[in-house]
Amino acid sequence: DPKIIQKPKYLVAVTGSEKILICEQYLGHNAMYWYRQSAKKPLEFMFSYSYQKLMDNQTASSRFQPQSSKKNHLDLQITALKPDDSATYFCASSQDAGGILAEQFFGPGTRLTVL
Amino acid sequence: GDQVEQSPSALSLHEGTGSALRCNFTTTMRAVQWFQQNSRGSLINLFYLASGTKENGRLKSTFNSKESYSTLHIRDAQLEDSGTYFCAARTTGNTGKLIFGLGTTLQVQP
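Chains as they are written, first to last, in the numbering used here: chain X, 1 to 115; chain S, 1 to 110.
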């Protein structure tokens, strides 16, 4: 059974629209993260949450908003979509964010294409 | 800013041979993770090291935080080892942020 679920697997959106990427983890972890992988760029850290609280935000744009409705959920809302937002978005989790149990495990990703 | 320099960018091996991948860090990092990204795009955990050396089958990894580098050794390469390998370093803060290298694309040939 998959331990980190991301939905949908593929997503096509039009410029200017809004989408929500879903992430659920069943590892019992307390920290969750979002990363983005674009063509010809390294995987980029976006956000980290610990016990449902924002720990770090490295995303310059407020169009990206994480939403944590439950401890094991961290969704990503993206508004006013642009073609440059096209990427694969990975959710990850770890037992804790800053201690020795910080090994991160990644979900399968959501591939977003903005037309 | 904090950066991870990964080399080589591409590597071709014949089955049964081996090589090493390396990541250099521009600042002190707390830990390093190594991943393999397979053809479906999934990131598979290989190692997590806060220091020292770990070995798992044909793979061995070392993290030297004082000298700011990590290595991943692959021996007796198999066809299924093909893929892209990433190192990711955890920064010194407590936010869990990982900084990724650009990756090494490994092709194993018969």
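Hints listed in this document are in silico derivations from the structure and should not be mistaken for laboratory results. Fair warning: there could be bad hints in the mix.
Among the chain X residues that face chain S by a calculated CB cut under 10 Å, a handful are [as the list claims (entries may be wrong)]: (1) E44; (2) S50; (3) Q52; (4) A60; (5) D96; (6) A102; (7) E103; (8) G109.
Okay, the calculated bits of chain S under chain X, using three or more residues with CB under 8 Å as the criterion [to be verified]: (9) 65-79; (10) 82-92; (11) 95-106.
Built from N, CA and C at the ideal position, the CB exists for glycine as well.
A quick look at each hint next to the structure:
| no. | hint | result |
| --- | --- | --- |
| 1 | E44 | holds, 8 Å |
| 2 | S50 | holds, 7 Å |
| 3 | Q52 | violated, 14 Å |
| 4 | A60 | violated, 14 Å |
| 5 | D96 | holds, 8 Å |
| 6 | A102 | holds, 6 Å |
| 7 | E103 | holds, 4 Å |
| 8 | G109 | holds, 6 Å |
| 9 | 65-79 | violated (count 0) |
| 10 | 82-92 | holds (count 3) |
| 11 | 95-106 | holds (count 9) |
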